[in-house]
Amino acid sequence: MANNNHRKLSAGQRCQIGLDFYEFLKETDRASIINRLQLRDIYNDDFRRRTPGTKDPNFGSVLYALKTHGKITRRRDNIYFNASVRDLYVDQWHTPRNCQPQAVQNGASSPAPAHTSPDEADTGVRARRKLASLLMTKLKTERAQFISDKHGISITSNSDQHFQNGTLKLCVEGTYEYTVSLNVKNTGTAPVYFTYYTPLQWLKYLNLQDEHKVTKANPLTLNPGDSYEIKVYFCCHWVGFYPATLAFEFKPDLGPSSTSFHIVRFIEAQCMGSLGVELAPVAPYKPRSLPVWTPEVNCKIVDGQPPEGLSVMHLQNVVPLRDYRIPPDTNQLISLLKQPSPCRDRRRALLESPLSWENYTEKMQLLLYLEELQMEVDIKKYNIPNNDKEYATMVRDPVNKKLLVLEVPGVSENRPSVLRGDKLLVCPIGEKGVKYCGYVHSVQLDSVKLGFSSKLLDSFIDGMKFSVEFTVNRLTLRLQHRAAELAATKRLGKVLFPAAPAYVSQQIELPNLRLFDSKLDGNKEQSQAVQHIVAGSSKPAPYLVFGPPGTGKTVTLVEAIKQIEKTQASCHILACAPLQQRC
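Numbers 1 to 583, taken from full-length UniProt numbering, label the letters of the sequence shown in order.
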């Protein structure tokens, strides 16, 4: 049964099919036909089902796409392909039927091909699509075989760049035009016939040319020691990445029983403007390695001065917040997971099992411990000394002499992630047994301002050398641990894992509200969200309000809070936000 995927094709894809049809006409010596009805019959009878199991879109939709893209001109019932299309296909895929094979450079000539009818011809379109389907499938599992030279045939590049693992990478600057020569050479002891070459996808920015116009109908004999040049022209109009996959076909002889072999090469052109060249990397990427760091035993930590307002707590802690330190066995959990052991099997089973109410607290806390371990690994990459710096220096803040300024390149881009209130540990070079804790008072473009104890400030001199350790702010992690525990003790299973009622209830009637913020009346989504929250239509599940920044989420929640306070005086409202200003 034919595949009907053509219904999903875009206009650009249908235009491409039309260009393939023109190539088909060239290959079968019917490019001079301009009558629409004749072209339609050729399309339906000879071209449309050329690939087994597929069926291209109807002729009318292809003509419309070609006309929309400026590829054809229609005059009544005559179709004319424009000059740009005709010129595009004067290349290695088109060889006149009556053309005799060209003599090769050493004087030998290839046998003349037998004349075949259009229906029997292995045309450029058919050959390329059939070959592309075969090779693209095999490349997934047999890439090494196809990119390797074989039977004495080697394919190299004459440019400054060379093929590596079958791939040639080009940097195209300025004009976005580039020419590279490929050299096909017979290094063996027997003649080999070069029968065909093609990109496996039609690419408008790529053009291939060779002197003898090699095709299946016009093969080229490569005697031992012979080489043959193919020109590859890239012409790109935009900055970007332009890949091409080229396939080359050879035969040991031209007999009907001779089996062909293929060599594949990949070309990747990176078109760059002047800005891209300026911002290009100057060295190969190397992952940042962890600095050598050994935790000191019995090291005294001198606390610093936190920023104003950070330690002020106006609310009383009714539920204590525990420390939730990582259990000792969890530190080795990653290693344990790689070794067979009862502990490994239980932990792995827990991690791989679906989240449920029965394993909610245990699994969430295990994931939080693993997350903290990874956070420590990530933050320690920025410790000093490291591969880039042997030590760090600080200077006094010119505005507030009680603060020291530490340069941290990349801090404004969250590399590392440092926020106001976070802590850093510093140790003067040469001093043992003591570390000074500095609180982040403010984050600048490439530096942070730190508050230390008077003990360090009294002995500090500009330019002093320090080692620096970045730490993880554990407050959020501790709150998450406590929330996972409280979910179990407060029996919040129906909230976290809500189930639909066994019976189908009638649709909840939304209340008719008089909104405090009249602007919400003109926004249907916001006003309906307020109505659903007040009506409790999502219960027992929570009602989620989401959207991009600036779409009115906070305004909607504030309106819902006011309406609940007005209509349901007995309700308790808990409003939480990352910033105090939001509340």
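These aren't lab readings, by the way, just hints derived from the structure by calculation.
Hints are not guaranteed to be accurate.
Claimed, not checked - Okay, the calculated beta carbon distance ranges per label pair:
hint: 1; residue 1: 570; residue 2: 357; range: 26 to 32 Å
hint: 2; residue 1: 74; residue 2: 160; range: 44 to 50 Å
hint: 3; residue 1: 515; residue 2: 276; range: 22 to 28 Å
Cβ coordinates follow ideal geometry from the N, Cα and C atoms, glycine included.
Could you check the structure against the hints above and give me the numbers of any it violates, in ascending order? 3
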